[in-house]
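J.: Required output: the full structure, derived from the provided sequences and hints.
Counting from 1, one number per residue, gives the positions in the first sequence under this note's numbering.
It should be emphasised that the hints constitute simulated quantities derived from the structure, not laboratory data. Hints are not guaranteed to be accurate.
Claimed, not checked - 25 angstroms max Cα-Cα, derived BS3-like pairs, lysine-lysine:
{"hint": "1", "residue 1": "K265", "residue 2": "K163"}
{"hint": "2", "residue 1": "K143", "residue 2": "K216"}
{"hint": "3", "residue 1": "K273", "residue 2": "K163"}
{"hint": "4", "residue 1": "K143", "residue 2": "K163"}
{"hint": "5", "residue 1": "K124", "residue 2": "K90"}
{"hint": "6", "residue 1": "K143", "residue 2": "K5"}
{"hint": "7", "residue 1": "K273", "residue 2": "K216"}
{"hint": "8", "residue 1": "K5", "residue 2": "K158"}
{"hint": "9", "residue 1": "K265", "residue 2": "K158"}
{"hint": "10", "residue 1": "K409", "residue 2": "K273"}
{"hint": "11", "residue 1": "K143", "residue 2": "K124"}
{"hint": "12", "residue 1": "K409", "residue 2": "K366"}
{"hint": "13", "residue 1": "K90", "residue 2": "K5"}
{"hint": "14", "residue 1": "K444", "residue 2": "K456"}
{"hint": "15", "residue 1": "K197", "residue 2": "K366"}
{"hint": "16", "residue 1": "K90", "residue 2": "K118"}
Said to hold, decoys possible - Derived Cβ-Cβ restraints for the label pairs, each shown as a range:
{"hint": "17", "residue 1": "D30", "residue 2": "R300", "range": "39 to 49 angstroms"}
{"hint": "18", "residue 1": "R71", "residue 2": "D43", "range": "41 to 51 angstroms"}
{"hint": "19", "residue 1": "K444", "residue 2": "N189", "range": "43 to 53 angstroms"}
{"hint": "20", "residue 1": "R316", "residue 2": "D162", "range": "23 to 33 angstroms"}
We treat Cβ as the ideally placed atom computed from N, Cα and C, and that holds for glycine.
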Amino acid sequence: MSRHKPAPTIVLFRRDLRIDDNGALAAAVDRGAPVIALYILDDEDRNLRAMGAASRWWLHHSLAALDHRLRQTGANLLLARGRTDDIVGKAIGASSADCVFWNRRYDPSEAPVDARLKADLREKGLTARSFDGALLHEPSLLKTGAGGFYRVYTPFWKAMVDKADLRDPIDAPGSIDGWVGEFAGLRLNDLNLLPTKPDWAQGLRESWTPGEEGGKARLDEFIEHDLEDYERRRDIPGERATSRLSPHLAFGEITPFQILASLRKSRSAGASKFRSEIGWREFSYHLLFHNPDLAGRNFRPEFDAMSWRDDAGAVRAWQRGLTGYPIVDAGMRELWRTGWMHNRVRMIAASFLIKDLMIDWRHGEKWFWDTLVDADAANNPASWQWVAGSGADAAPYFRIFNPVLQGEKLDPQGSYVRRHIPEIAALPDRYIHRPWEAPASLLKGNNIELGKTYPKPIVDHGAARDRALIVYQSIKDEKAS
DNA sequence: TGAAATGTTGGGGCG
DNA sequence: ACGCCCCAACATTTC
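T.: The structure is reproduced here in structure tokens:
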């Protein structure tokens with residue numbers, strides 16, 4: 001007599017490339033049926049924002065790491081390409097699966113895909129279930145006293161901490177009964193996620209270990225070495241004192257539940273400051289959920305009247321790290337080389353594009369989307385709007401960073417600038433953030449020719465500041481009238 | 001998660 | 001000894 005083998009469960013992996021604290025995977029394993037772990041790359045759906053090049057590089061390596069983790073426990077990752085509903089239908093056809101599990105997505109362009117899928121599957125009499133993991137809170141459930149959504153960070157975070165279910169992480173399955181069968185038959189390289197000609201990923205490879213084990217190691221190291229003095233050192237880009245967990249979080253290799261659980265154990269002085277940075281990520285998703293076009297539209301509509309400058313040459317100089325302001329250029333080159341930029345420098349570089357160059361923040365947001373390994377549908381537009389002043393709880397319009405003062409304050413020894421701008425590395429500290437003031441003999445002695453080996457400032461900050469204040473003032477007048 | 005302009009105070013040089 | 005000025009240092013206001 002043959003024992004009846006239950007129909008398999010499909011687990012969809014998306015930006016939750018981990019086996020630890022994975023509610024969908026744990027539930028599938030608990031169900032006792034064979035598990036089909038499936039990743040679908042959807043390059044077709046025009047309603048979805050195409051992933052940037054740096055993110056695709058990360059995705060490739062993260063998928064490889066996930067496959068490796070699954071193989072250690074008895075399963076493997078199947079890859080497919082196409083629309084989610086099509087592929088899931090085909091996978092059900094090939095496997096007779098009767099059950100599909102996944103972890104929820106909160107990007108408003110992706111969530112409807114999952115909602116339709118759930119409805120379709122249930123209509124066919126199949127089981128479809130979704131789980132939490134990406135966020136500490138459900139954006140649809142958190143409301144202000146007046147019934148709206150939060151627009152100010154502090155009350156949001158206070159309410160969230162009170163109401164969220166800060167559950168403990170779910171253990172990774174010890175072993176998985178992996179479904180044995182063929183489906184789609186794509187190999188990782190078939191997804192074409194890596195850059196080819198040219199291969200610009202050298203700096204990324206040197207900087208990162210994608211995958212959940214890399215993320216866990218990063219968290220442990222951060223807590224052990226940097227958390228105690230986090231509040232003081234986090235703003236000093238030369239120190240590498242931030243967590244650098246952002247790409248791991250963006251791809252769901254680690255969850256905020258895991259991070260908070262580790263912080264609870266550490267009791268370090270910097271824990272509450274770091275926890276509130278996790279809170280900003282929650283706030284960004286909260287804003288995105290209630291404002292689906294956060295990357296395309298000003299949160300404050302009065303900014304629609306803003307007269308941004310159209311200056312392709314200036315945008316290009318900013319992208320390449322050739323503005324002539326060392327702290328800005330160092331940040332932009334760190335981004336280009338490593339796929340990441342220190343958070344404080346992001347603010348300075350963004351302030352420079354928006355307020356010194358008067359370029360529409362959406363140009364900056366797009367560049368970051370393409371070049372950041374941590375490019376995130378919520379954090380990226382929310383943060384750009386924050387700097388522009390067009391966002392919720394945003395920086396006031398008159399807050400304009402002086403790139404020289406910021407450089408001297410946060411990188412007094414110039415170690416960050418020298419790391420990324422070798423052509424001026426020989427300048428003494430005194431001139432490292434203002435090379436145009438260095439004596440001619442000093443420049444010449446170090447083979448620096450401003451305008452040739454390193455640019456002269458593309459705008460005068462003082463004049464640019466005055467211009468920005470006038471333009472921003474006009475928006476304020478607009479609103480008043 | 002700012003910077004610049006303006007205002008105030010107090011020490012020291014000097015006639 | 002005194003008043004005057006300068007200016008650094010700090011505080012406050014303004015954008």
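J.: The structure should be examined with respect to each hint, and the outcome stated for every one.
T.: Right, here's what the structure says about each hint:
1. K265 <-> K163: holds (21 angstroms)
2. K143 <-> K216: Violated, at about 33 angstroms.
3. K273 <-> K163: Roughly 20 angstroms separates the two Cα atoms, so the pair holds.
4. K143 <-> K163: holds (10 angstroms)
5. K124 <-> K90: The hint holds at about 14 angstroms.
6. K143 <-> K5: Answer violated: K143 to K5 is near 46 angstroms, above 25 angstroms.
7. K273 <-> K216: holds (20 angstroms)
8. K5 <-> K158: This hinted pair is violated, its Cα atoms lying about 49 angstroms apart.
9. K265 <-> K158: Roughly 21 angstroms separates the two Cα atoms, so the pair holds.
10. K409 <-> K273: holds (21 angstroms)
11. K143 <-> K124: violated (34 angstroms)
12. K409 <-> K366: violated (29 angstroms)
13. K90 <-> K5: Holds, at roughly 21 angstroms.
14. K444 <-> K456: Given pair K444, K456 holds - Cα atoms ~15 angstroms apart, limit 25 angstroms.
15. K197 <-> K366: holds (22 angstroms)
16. K90 <-> K118: With Cα atoms ~16 angstroms apart, K90 and K118 stay inside 25 angstroms; holds.
17. D30 <-> R300: 39 to 49 angstroms: holds (47 angstroms)
18. R71 <-> D43: 41 to 51 angstroms: Violated, since R71 and D43 (Cβ atoms, about 26 angstroms apart) do not stay within the stated range.
19. K444 <-> N189: 43 to 53 angstroms: holds (51 angstroms)
20. R316 <-> D162: 23 to 33 angstroms: violated (47 angstroms)
Comparing the model with each numbered hint stated earlier shows that hints 2, 6, 8, 11, 12, 18, 20 do not hold.
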